[in-house]
Structure formats: structure tokens, C-alpha cells
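Colleague: Starting from the known structure of chain A, arrange chains B, C and D on it as the hints suggest.
Protein chains in written order, with numbering that gives the first Met the number 0: chain A, 0 to 253; chain B, 0 to 253; chain C, 0 to 253; chain D, 0 to 253.
Treat each hint with caution, since some may be false.
Identical copies go unnamed one by one, so any copy, or any two together, can satisfy a pair.
[To be verified] Within a straight-line C-alpha distance of at most 35 Å, the following computed DSBU-like cross-link-like pairs (lysine-lysine) qualify:
| # | residue 1 | residue 2 |
| --- | --- | --- |
| 1 | Lys223 | Lys147 |
| 2 | Lys41 | Lys223 |
| 3 | Lys147 | Lys194 |
| 4 | Lys194 | Lys7 |
| 5 | Lys23 | Lys194 |
| 6 | Lys223 | Lys8 |
| 7 | Lys23 | Lys7 |
| 8 | Lys52 | Lys23 |
| 9 | Lys144 | Lys223 |
| 10 | Lys23 | Lys223 |
| 11 | Lys223 | Lys7 |
| 12 | Lys194 | Lys52 |
| 13 | Lys7 | Lys153 |
| 14 | Lys17 | Lys7 |
| 15 | Lys8 | Lys52 |
Hints in this document: simulated from the structure, not taken from any laboratory.
Protein chains: 4
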Amino acid sequence: MLIYSDGKKWLRRAEPDKTFQSHKGIVDFREVIGRNFGDSTKSSLGFDFWIFKPTLEDYIRHSKRTTQIMYPKDIGLILVKSGIGPGSVVVEAGTGSAALTTALAHFVKPTGHVFTYEIRSEFIRVAEENLRRARVLEFVTIHNKDAKQGFNEKNVDAVYLDVGDPWELAPQAAAALRGGSMLTSFSPTYNQVEKMAAALDSEGFIDLETVECFERRILVREGKSRPASRMIAHTGFITFARKTLRKKPQQSET
Amino acid sequence: MLIYSDGKKWLRRAEPDKTFQSHKGIVDFREVIGRNFGDSTKSSLGFDFWIFKPTLEDYIRHSKRTTQIMYPKDIGLILVKSGIGPGSVVVEAGTGSAALTTALAHFVKPTGHVFTYEIRSEFIRVAEENLRRARVLEFVTIHNKDAKQGFNEKNVDAVYLDVGDPWELAPQAAAALRGGSMLTSFSPTYNQVEKMAAALDSEGFIDLETVECFERRILVREGKSRPASRMIAHTGFITFARKTLRKKPQQSET
Amino acid sequence: MLIYSDGKKWLRRAEPDKTFQSHKGIVDFREVIGRNFGDSTKSSLGFDFWIFKPTLEDYIRHSKRTTQIMYPKDIGLILVKSGIGPGSVVVEAGTGSAALTTALAHFVKPTGHVFTYEIRSEFIRVAEENLRRARVLEFVTIHNKDAKQGFNEKNVDAVYLDVGDPWELAPQAAAALRGGSMLTSFSPTYNQVEKMAAALDSEGFIDLETVECFERRILVREGKSRPASRMIAHTGFITFARKTLRKKPQQSET
Amino acid sequence: MLIYSDGKKWLRRAEPDKTFQSHKGIVDFREVIGRNFGDSTKSSLGFDFWIFKPTLEDYIRHSKRTTQIMYPKDIGLILVKSGIGPGSVVVEAGTGSAALTTALAHFVKPTGHVFTYEIRSEFIRVAEENLRRARVLEFVTIHNKDAKQGFNEKNVDAVYLDVGDPWELAPQAAAALRGGSMLTSFSPTYNQVEKMAAALDSEGFIDLETVECFERRILVREGKSRPASRMIAHTGFITFARKTLRKKPQQSET
Chain A
0 MLIYSDGKKW
10 LRRAEPDKTF
20 QSHKGIVDFR
30 EVIGRNFGDS
40 TKSSLGFDFW
50 IFKPTLEDYI
60 RHSKRTTQIM
70 YPKDIGLILV
80 KSGIGPGSVV
90 VEAGTGSAAL
100 TTALAHFVKP
110 TGHVFTYEIR
120 SEFIRVAEEN
130 LRRARVLEFV
140 TIHNKDAKQG
150 FNEKNVDAVY
160 LDVGDPWELA
170 PQAAAALRGG
180 SMLTSFSPTY
190 NQVEKMAAAL
200 DSEGFIDLET
210 VECFERRILV
220 REGKSRPASR
230 MIAHTGFITF
240 ARKTLRKKPQ
250 QSET
Chain B
0 MLIYSDGKKW
10 LRRAEPDKTF
20 QSHKGIVDFR
30 EVIGRNFGDS
40 TKSSLGFDFW
50 IFKPTLEDYI
60 RHSKRTTQIM
70 YPKDIGLILV
80 KSGIGPGSVV
90 VEAGTGSAAL
100 TTALAHFVKP
110 TGHVFTYEIR
120 SEFIRVAEEN
130 LRRARVLEFV
140 TIHNKDAKQG
150 FNEKNVDAVY
160 LDVGDPWELA
170 PQAAAALRGG
180 SMLTSFSPTY
190 NQVEKMAAAL
200 DSEGFIDLET
210 VECFERRILV
220 REGKSRPASR
230 MIAHTGFITF
240 ARKTLRKKPQ
250 QSET
Chain C
0 MLIYSDGKKW
10 LRRAEPDKTF
20 QSHKGIVDFR
30 EVIGRNFGDS
40 TKSSLGFDFW
50 IFKPTLEDYI
60 RHSKRTTQIM
70 YPKDIGLILV
80 KSGIGPGSVV
90 VEAGTGSAAL
100 TTALAHFVKP
110 TGHVFTYEIR
120 SEFIRVAEEN
130 LRRARVLEFV
140 TIHNKDAKQG
150 FNEKNVDAVY
160 LDVGDPWELA
170 PQAAAALRGG
180 SMLTSFSPTY
190 NQVEKMAAAL
200 DSEGFIDLET
210 VECFERRILV
220 REGKSRPASR
230 MIAHTGFITF
240 ARKTLRKKPQ
250 QSET
Chain D
0 MLIYSDGKKW
10 LRRAEPDKTF
20 QSHKGIVDFR
30 EVIGRNFGDS
40 TKSSLGFDFW
50 IFKPTLEDYI
60 RHSKRTTQIM
70 YPKDIGLILV
80 KSGIGPGSVV
90 VEAGTGSAAL
100 TTALAHFVKP
110 TGHVFTYEIR
120 SEFIRVAEEN
130 LRRARVLEFV
140 TIHNKDAKQG
150 FNEKNVDAVY
160 LDVGDPWELA
170 PQAAAALRGG
180 SMLTSFSPTY
190 NQVEKMAAAL
200 DSEGFIDLET
210 VECFERRILV
220 REGKSRPASR
230 MIAHTGFITF
240 ARKTLRKKPQ
250 QSET
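Extracted from the complex, chain A is given alone in its bound form (with noise of 0.2 Å):
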């Protein structure tokens, strides 16, 4: 359940013993039991607090982060250009927060399914935490496992590798993509993006696509709209490319 006051927004369960605390006041969860979605209640201060259903962005935004997480404007440009859909099957390096993997599990449901890679222990407990949160958790598999050891799924949709070192994942995953399917990458750095590259190349991957994502706020106010102030200038760069049957062209010139 989303909680809404005055721009502010609260991720919360409604649970009928408990209350929920703002600098607004107290709101009673047994007031909002039973209301519908886009309804409202007063909260002991007198402000109204308005309770809506989450939507995807919601729950990213509201997760537990361990680390840095994927945005919006990122997960919505891998989901249009990866080549998925509901039922598809597909693999992922690098769980982290599992903002990702809870877009790709949102959208693959409820006859696809997300396998997803993360050596980091301590960070599966709070990716867990968030995939249950956004009611996906079952439709994803965390193998806490080194993917430089490979994947264990073959021919499946699509690999997302969220990693610092994706170059090294490019052999696993073209191992594990049915021919002619998306890898996508995310990468910070240009000097990632560049190796990246290479090694996509030489597994025979094509069609090759880097790009970078911005997204800006505007203020509209009535007789002065304007764009907001700051932005987030610089997530990462996404590289996308299909995988090919082709050899690696290094090997078949031996």
C-alpha cells in the first residue's frame, strides 16, 4: 500500500493493530482497511493521507538499497529494447537491490521467470526482502553463486549483466542465450563500456547499441512552468547486442 501526503510518499503494509507516524500525524491502519485505492483519510494532525495501489516504479523506489540501484528511465529502455515479454525466461548478473530483477520479474510474470546471479551473501537477504515487497519473489530464482562459473540456464530470452566486470560474464552468457537474443549491460564508466565491447565482439555478438538515458523534471506551475533545477546527470551507459551462432572470429581464423 502506497501512502500519499503533500508530495511525500510511504511504502507500508496495512496491517489492522498497527498505526503509521508522519510529522503530519498518526494514521490508524484500521481507518484504512476496507477503503479503496484513491481514497482518502485524515491522520490525528488533520491532513489528509491518501492510499493507493504501488506501481512498479513504487516499489524500486522504495526498496531497501545495498547498492546503488537502477533507475526508471534505465529498467524502461531495457525492458522496450531486450526482447521480452511475459513468459520469457530469462538470467541476470549482479542482484545487488534487485531493482532490476524486480522489473524484469514484474513483466516476464506469471509464466516467465528471472534467474538471478549474486556472489554477496549479505546483499540476497535484503534483494529477497524487496522481491516479496513488490509480491515477484516468485517468479525469481537467486543462485548465490560466482556466474564467472557459468550459468546454469541454456537458451534462455535474455542476460542482463549489472556487474564491474561484464567483459568477463561475455562468454558465460553467450552460453547461456538461445541464438539471436539481447544481452544488455550496464555499466558507469566509459573504459567499461570500451572493454565491454571488445569482448562482445569476440564472442560473436552484433548490432552492437551503447546508449545513455536522461530524464528531467518539469515544474509546472500555471504561468511559470519551467524545468526543475537539478537532475541526475549520469547513471551508467546500457550496451546492448544479439547474440549470434557465428564462432568467434578469433577461433575460425586458427
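Modeller: Structure of chains B, C and D alone, referenced to chain A:
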């Protein structure tokens, strides 16, 4: 089927008695049928032509256009922020060339549905063709009707407006939306955004957010990586707003 | 004198009987005086402090502020596009903290002059102090007068407006400008820009151009170079227009 | 003389026995000579042609080009940040089409000077022509010499590098610069920027800053204002660094 050769792509149906001709030679579809995605064939001039399964983006980029189509960067942001997923039932006004329609249908299928409204009947035939090519026509119903007369559907999970005067559809959108659900409106000018914000406010929508999104390609070449020289500077502003069950403020004060 | 240590900078006057104190120790100005620019001295805590001659940007960034100041990216564009150079005589309305005033004076000196108008007398004292620190006060005349009553100067080489309602000064700007010279107006909102364009058109200005300018820092580190994470998303829109000798169209048609 | 008609501009010298021809008719220069800037004349087809005094930007945009020229947005930022003004003596390597040279000469004149180095002698003739048209040739000395052999000038107020391998000129720039003065380097790729940063660091430069600058046009029309659809996405990265009197760290450690 997506055909790729040296940076160019074509979307074609593989029919056994046909050929595909380009300036790089002729490809005989009999050579192609039976091959796996990710495999390649030689054209009559000896060039490699690769065969891929089209992604959602491929379908949209290669659709027939009667109008300016929505870009992947904007569609992606809308998917993440508008509160939908597989199974959602949504309404769209302004089918146009069906780019957003295709994306919505792709991600709400197989149990969800898109009801889309288009007054210009000459656009509907092209929209249907694009939806059929993208294999989502069965998940879409096109109404040749002016949405100002109201949407037929009620309690929908999201409403999308891509029309020149979205503020005239704010009451109809409010009537169609389930409480707490998201309205999304796409407009190229500031003036439209400002009028829309006023209309949404008076219809009891809250949590308004307007954004613009930029995408820049990066040309990755070993030792000489740089951003592309040109980019799309503007497509449109996207406004999101949540429907409340609040009566219109103007009315409640009377 | 600009003092630099480990990424931080301070603008100070080197006075022999004073010291400069920071969290990295005390710098005795007697140690500094007599050194060349580009040289360094040790603070009491053993850190290097470097001495530089301030650039125009240093003066602007370290000025005292009573208002939002203009950014180097915007000032630079204005310098190149507004048709001025050493020797130009220009008029400005809205002195504010004198950031643009400083830049204009810096580049029209020693034979040019800036006449600037400011109605808020409490700002003028700070503006004077900033101009004196930047060593350009002698090239500036500050009028404590409302520019709506008209500019005292005629046949000037450029007019700059940085006020909330620039459209109310379009006739006064036209009266002050030499034929063919450039008017520059800086405004944060779209609505101001639209009103200004209409006013300029009716005053016989032509060749209107409105732009916005973004600056993004790049963090260059060997092997891990990337854009900075945050940036200024908006300062203002800049409108340029050339004054013609044409009578106002509205009047000529009566 | 700048000629303007309906959004198009031409830079021409007004010679009494010549005419100017465009698709909107012929303009007789005898009609033009003697008119004030800001005045207009009718072409043979009855269209208005306006006469303006060219700005620095006009000279640059209408210069003859042998190379990619620098954009006003980048030139402006460089002017504000590189520590120069009227009277400065500066050195440039990579004259190219002399766009930056023109701007530097324009703003250091009449008492300052630009010494610029260009190895491709075929470019020098065009550069001279562009500088003459912009009326700044007398403030510029072009050396047809490889700057790797060292700059002739010492104690200059600023050095500008617009060459493919600026890191090879870092020692020469350090030798030419007055202590504490600014080096500016312009490069299109990330890799160049990274190499340059390493070279500057080892030559004792500090306070390195790298930026990129974007300019977006706004189409202002009453009731339908919006950003332009396309823009230049990338020209180059600009690196600024201050010269210290420090010995190179590598050498001092030996």
C-alpha cells in the same frame, strides 16, 4: 523476422516463395526458413545476412507510420511508471500508428487488454497492420470513436492520452480509471502540459509529475569512444497523475 | 588572489598582516606575498596551498550573492552571440549580484562601459563590492532606477535584460539600442519566454532565437572515467533578438 | 555585412558594383550602402532583406571550413573559464578553420595577441581569410610549425590545444604558460581526455576540470512553445588545468 546486415535492419515475413532484395544482394527465403535465430546466410553478392527474432523495439521502429511515433525512451518510462503489468486492462486515446499501443499490448498480454480510441478512420487500418505484424492484435480493441464522448470501459488499470487536447479528456479519463490508478499524457508543447495540469487538478487527480527523457547514443570504438554527434532533442513531455476518489474541488465547494 | 588546496578554492586579498585559516591549517600571507602565481606554500598543518591569479569565472563563483547568479555556461554563450567586444557600450537591466555585469565589464574594458540598472538599492552595495573585487568597477555605472522609466543611454551596442518581466522593457530596450544591435533576455520560465517573444515581435525585433544550455562535468580517472552523477538541469532560457529600424507593425497598420 | 531574410543569413562585403542573389530575388548593393544597420531593402522579387553588423558568432558560423569548427557554446565556456580578457597574450595549437582563433582575437584585441600554430599549410590560407573577414587578422600571428617542437612564446596568459594528441603538447604548453595560468584542451573522445589528464598531472598542472556543454534551441510560438526536435549531441570535451611552478612529481622523486 528481423534481417540484419552491417548495421541495417529490415523486418520481413519469411515466405518460402519470396526473396529479399537489398543493395547488398538478394537473399532467398528458402535459405532462411529452418534456420535458427542468430544464424546467417549469404546474399547473392556474398554478404552475411543475419536472422533475428524481432524485439518490441524492432516492431515499433519498423512499423508503418501515419503519425509521429513514440520513442522507446518514452515508452519505457511509461511502462515503469504507469502501474501496469501482465493482465492489466488499459485504455488509450490517440492510437496513431499504434507504437504505444503495441508496447502496452505486448506487456499486458496474454490476459490483459488494450482498448484504444482513434477518430481518424484512415489511421486505423495502418494501426491494425502494425499490431498484427507485432503479433498483438488479438489483445487490442480499436474503437473508431471520439473519446470526448466518453470511454466505454470502466475501472481500468491505466489511461494513456496521446492527443492534441488531452485536457478535454480529463473528465472521461477520471470516469474510466479505477480509484488510485495512473493517467499518462504525452504532449510536445509546454502550453499543453500546463493546461493538462490544471485540468487534472480540477478533476481530483493528485501526485502530478511531468518529465522529459533524452537518449544519447555512444559510439564505442577501441581507443576512440565518444557520444554520437546528433540526437533527438525533444519528442514530448510526459505527465503522470493518480486518480483519487475525491469529488472535484470546485463542485464540493458549491 | 585565488587560493587552491586539494580541490577547494578561496578568493582572498593578500594582506601582509593577515592569515588565512581553513580546516587544513593556517596560511600566513607574509609567506605568500612576493611569490609568483602558480607557486605554493605550506600551511601550519603541512598542506600545500597554491596561489593563482583569479579568472573571470573565479570572480563570479566567489562573489557575494543576493540573488541567483548567472552561470559561466550562460554567460559564455551570451558573450559570443550578443555582438560585443572590447570597446562596446552596453546596458543591463537587473544588476542583481553583478555576475553578468562583471563578465560584460571584463570583456568591454578598458574603452567600453556597462550601464546597469537595479531598483533594489540593497543589492547595489553588494554588486559594487563584487565588481570592485573583480577589478572592473571603474568600467561600470550602476543606476538605482527603474528601467521601465527608460534607459538614459542611446545608441548602445547591446542590451541585456535579467528581470522578471522583460517584456515590459522591450520598448525601452528598442529605444536604447543602436540599429541592428542585439537584445539578450534571460528568464527561467517558458511563460516569460513566450511573452517576451511577442513583445519583441511587436517592437520590430527580428531573428529571435531562444536557447538553453547545459553543462556536465566529466570525472576523469585513469581507467574509470565517467560523467558526474549530478548536474544543474536548468538555469534559464536565453533569448536573442536583433533590433531593426522598422516601425512597430501594429502602429504602421493603423 | 550580415544580410537577413526570413530566417536565412548571409555574410557579404558591400561593394557598390555588385549584387546579392538568392532564391528570393536580387539585392543591389547600391541600395544597401549608406543605410544604417537594422534597416532593410527590397529584393527584385519584393522580399525584405535586412542589413546587420555581424556578431562574433556570425563571423564564426559563416566562416569557410576546412575542419570541424568549434561551436559558440564551447567557445563561450572557454572564454569565461580560461582567464583571459582584453590585452591577454595567448597561444593556440591547431588553428584549423580559425573559429576559436577568431573568438580569442576578438576578445584580447586591441592590445592583446593570439599566436596560433598549424602544421597543415593548406589550412592557413583559409584561416587567414576567415580572420580577415572577421577583422581580427592583425591581432593574430599564424606559425606554420609543429608545436611539438615547442612554442616560440613564453609567459603567455593562456594556452589552447585543439589537436588530436594534446598530451604530446603538455610539456610545451607548460613551458609557454605564465605560472598559474590556464591550459584549455578540446577533444572529441573520452580516450583523449583520459590521456590528457595523465599528461597534465605529470607536468605539474592542477585543478583539472573536464566538462561537456549542450545547447538546445527552443521554438517559441505563442501557445505552442517547445524545444527543437534535434540538437547537436556532442562536439567535444573541454579540459581546463592550471599551471603550477611545481617540478614534475616523477622528476622530483628521482
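Colleague: Up to 35 Å between alpha-carbons, please classify Lys223 paired with Lys7: within, between, both or neither.
Modeller: Answer is both: 23 Å inside a copy and 32 Å across each meet the 35 Å cutoff.
Colleague: Up to 35 Å between alpha-carbons, please classify Lys194 paired with Lys7: within, between, both or neither.
Modeller: Between copies only: 24 Å across chains, 41 Å inside a chain, cut-off 35 Å.
Colleague: If the cut is 35 Å between Cα atoms, do Lys223 and Lys8 qualify within a copy, between copies, both or neither?
Modeller: Intra 25 Å, inter 33 Å, cutoff 35 Å: intra and inter.
Colleague: Quick one: Lys8 to Lys52, C-alpha cut-off 35 Å, is that within a copy, between copies, both, or neither?
Modeller: within (12 Å within a copy, 41 Å between copies)
Colleague: Can you give me the call for Lys52 and Lys23, within, between, both or neither, at a CA distance of at most 35 Å?
Modeller: within (21 Å within a copy, 52 Å between copies)
Colleague: Given a CA cutoff of 35 Å, do Lys144 and Lys223 count as a within-copy pair, a between-copy pair, both, or neither?
Modeller: between (53 Å within a copy, 26 Å between copies)
Colleague: At most 35 Å between C-alpha atoms: does Lys147 with Lys194 qualify within a copy, between copies, both, or neither?
Modeller: Both. Shortest intra-copy (16 Å) and inter-copy (31 Å) distances satisfy the 35 Å Cα cut-off.
Colleague: What label fits Lys23 with Lys194 when the C-alpha limit is 35 Å: within, between, both, or neither?
Modeller: Between. Shortest inter-copy distance 31 Å satisfies the 35 Å Cα cut-off; intra-copy 51 Å does not.
Colleague: First find the shortest C-alpha distance between Lys7 and Lys153 inside one copy, then the shortest across copies, and answer within, between, both or neither for a cut-off of 35 Å.
Modeller: So Lys7 and Lys153 pass the 35 Å test across copies only (29 Å; inside, 44 Å).
Colleague: Which holds for Lys23 with Lys7 at a C-alpha limit of 35 Å: within a copy, between copies, both or neither?
Modeller: The answer is within: 11 Å in one copy meets 35 Å, while 40 Å across copies does not.
Colleague: Under a CA distance limit of 35 Å, which applies to Lys223 and Lys147: within one copy, between copies, both, or neither?
Modeller: between (53 Å within a copy, 22 Å between copies)
Colleague: If the cutoff is 35 Å on CA atoms, where do Lys17 and Lys7 land: within, between, both or neither? Let me know, please.
Modeller: Answer is within; shortest intra-copy Cα gap is 20 Å, inter-copy 49 Å.
The structure shown violates none of the earlier numbered hints.
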